[in-house]
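Chemist: With the sequences and hints as input, model every part of the structure.
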Amino acid sequence: MSRAVKLVGCLAALAACVAVAVGCGGGDDGGGSSDSGTLTISSYDLGGAPDPLDKAIAGFEKENPDVKVEVKRTAFTQYAQALRQQLSTNQAPDLARTALGYGEASSATVLAEKGLLADFGDASWIGEIPDQSKSSTSDESGTFAFPVDSSAIGIFYLPGVLKEAGVELPKTFADVLAACEAGGGGKVVFALGANETSGMPLFLLDSLVASTAYAEDPEFGEKRLADEVTFADSKGWQEALTQFEEMSEAGCFDKNAVGISQEQASLELSQGKALMAVSLTVTLPLFQAGKPSEELKMAPFPGNVDAAQVRVPNAPVDGYVIPKRGGDPELAEAFIEYYAEHRGEFAQVDESIPAIPLGEGEASVPKYAAELEPFIEAGKVAPFAQNEWPNPEEQVAAAQGLVEIMLGATEPDDVLAKMDSIWTGPGEE
Amino acid sequence: MAAGTAPARRAGWVRQRTHPSRRVPWLFAVPAVLICFGLFILPALLGAGYAFTNWDGLTSPRWLGFGNFTEFFGDSESIDVLLHTLEISAAYVVGVNLVGLGLALALERTLKTRGLLRALFFLPAVVSPLVVAFIWKFMLDANGAINEALGAVGLGSLEKPWLGEPTLALISIVVVMIWQFAGYHMLIYSAGLQSLQAELREAAAVDGASPWRRFRDITLPLLKPAMTISVALSTITSLMVFDQVIALTGGGPAGSTETLGTYVYKQAFVNGRYGYSAAVALLLVIGVCAVAFVQFRVARRGTAEAGR
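Quick mapping for you: the protein sequence lines, in order, are chains A and B. Heads up: the first sequence at position 92 corresponds to 91 in numbering that gives the first Met the number 0, and the numbers run straight through without jumps. Heads up: the second sequence at position 135 corresponds to 134 in numbering that gives the first Met the number 0, and the numbers run straight through without jumps.
One should not assume that every hint holds.
[Unchecked claim] Straight line, CA to CA, 30 Å or less: simulated DSBU-like cross-link-like pairs of lysine-lysine:
1) A:Lys272 - B:Lys223
2) A:Lys290 - B:Lys159
3) A:Lys366 - A:Lys290
4) A:Lys186 - B:Lys159
5) A:Lys296 - A:Lys366
6) A:Lys162 - A:Lys323
7) A:Lys222 - A:Lys379
8) A:Lys162 - A:Lys254
9) A:Lys296 - A:Lys186
10) A:Lys170 - A:Lys296
11) A:Lys254 - B:Lys159
[To be verified] A few chain B positions that, by computed beta-carbon distances, are all more than 12 Å from chain A:
12) Ile134
13) Pro220
14) Val287
15) Phe295
None of these hints come from the bench; they were simulated from the model. Here a beta-carbon is modelled for each residue, glycine too, at the ideal position from N, C-alpha and C.
Modeler: So, in structure tokens, the structure goes:
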């Protein structure tokens, strides 16, 4: 074999390596759909649950026969990572579904601060976004997210099970402790999954701070973002964590709660082994999975000894954004216009509540959560605290702190001090 | 002068004629080497480069120098993570080697079912660690099979939150790892035992040495090469533990079972701190290499001394 042949062979092998390596990095340089007739949407997989997006796509395609909509679905637990990957490569979709506010590394506000999202400009629905939701969907440069649905946190319960146990729905935090101390007739009073992946401790924390820190000062979140206040110095936050500790000590939760998952805790309630569970309206399918013997209901969680101070956490939770790297922003905007126009119809698919209200007199929560409605109508609502935390580690510190309180390994003040110590403001590192 | 250089040239020519033939095997390896370089070495080097930046996976990285490393060593949480990893590693290395050696010794004697038992003990090692861990999670859960079984036989007082209490959760992870890989280490020790000269042990038995003495003074020193491999492999496995922790506890409760492997994952994919995550991963790789290197050096010295 001549040297030249060997050299050519080596170069060919090297070229193959480079080609393989480049192939691994993506390489669709079109970015989303270069064809204006195709709209690419990135969303998470709801695991077989009805998805309003399907109905929206079918309607949009019917109205626009020349347009083809393709959905890239990723498992819910993998979605945040997948979306970041798509946005950092040349695979950005034209439209992406994501969580609103801060909270997670791929939440809308986090992405907008990094300059990765396009402005919706003068879309017709922008003026209808409720004022309290605007911090999750827009900034000084424009509107970067279309809020899809709104969610609330309250107590899930089965009326028959509660009645059988001789327990009444608590109206104040004193009632909560009294119910826990009474023992719940041999059942767990509050089903709580507090393992590492469960969101339930944070849902309870949101309910407690809604009626303490946010009842005292509805602007607490904005002030914390501006570094004008701290968690440790907030009487409301101190009270909320102390109340959590009192609930733990009063035997409100399963003795093994720290090792229980959200799914297991949801089953405890729906199978009648627990009396109540504090959770988000959008987690209803987890409770329904246990095939409850009667219709589930939701009531406000009283996080204050004064019933007048009780607030319900209620905020838009997810929405759609247009990545700047996407290929067809005009088509994406057209789709969102169509979605906004028919949002009431699509919300019926999963019994959700549109984040942009349909109009006067429309329900603001699903039917099973009608007991929350008076609070929402009276404006006795609060945001989800973690949606106003720019650093995702903050959420981890809060969740771990709650578990440590349950284990008796730390005190509320120490948890708050740690949350302050790792705080980083918007755009900081 | 030309005449003087001619023999040298000829010698050079001769060398050139012999060298190409020696190079042929290396040339065959070139494609594989290039593929390995492109797919493993190059990405690893690029990853190591990100360890010195604040890369968030979305925007352009900014050079931080050793900032990520100083943050790691200055943060009590990351030091806790390091300690959990070392605790798991120490318990696992001791446990899996003791159980593996015990099984190998137990199955050294002639048994009709020896082959079957070896296969059964080895079987868990060929199953994905993630699958094994999920099965164990089902059993160790608060309302899982183990607690249910304890309650059913009247031992309800022994029911524990196996994955919900920090110390128990750490122990549970180690037990699951030992259960899965003891059979693998049994095979390493079995191979070591089969290579021993039977005469030595027989002679000691004839001389009246007790079974313990024979094991301590003959079998164990001669097993050092097998032990070296087994200890090194178990150390590397345990320092890089990820699947079992993610599946069993997710690093909880309250981060009490977080290891370097899960910490790297969470920093990158949950917190979006790819640069910091790469720095911790780099530290992990350096640590694993250093431990493996030291173990092999110590063991080589020991083997040489045993040989003398």
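Chemist: If a hint holds in the structure, say so; if it does not, say that too.
Modeler: Hints, one by one, checked against the model:
no.	hint	result
1	A:Lys272 - B:Lys223	violated (56 Å)
2	A:Lys290 - B:Lys159	holds (28 Å)
3	A:Lys366 - A:Lys290	holds (18 Å)
4	A:Lys186 - B:Lys159	holds (19 Å)
5	A:Lys296 - A:Lys366	holds (9 Å)
6	A:Lys162 - A:Lys323	violated (54 Å)
7	A:Lys222 - A:Lys379	holds (19 Å)
8	A:Lys162 - A:Lys254	holds (23 Å)
9	A:Lys296 - A:Lys186	holds (18 Å)
10	A:Lys170 - A:Lys296	holds (15 Å)
11	A:Lys254 - B:Lys159	holds (10 Å)
12	Ile134	holds (16 Å)
13	Pro220	holds (45 Å)
14	Val287	holds (25 Å)
15	Phe295	holds (31 Å)
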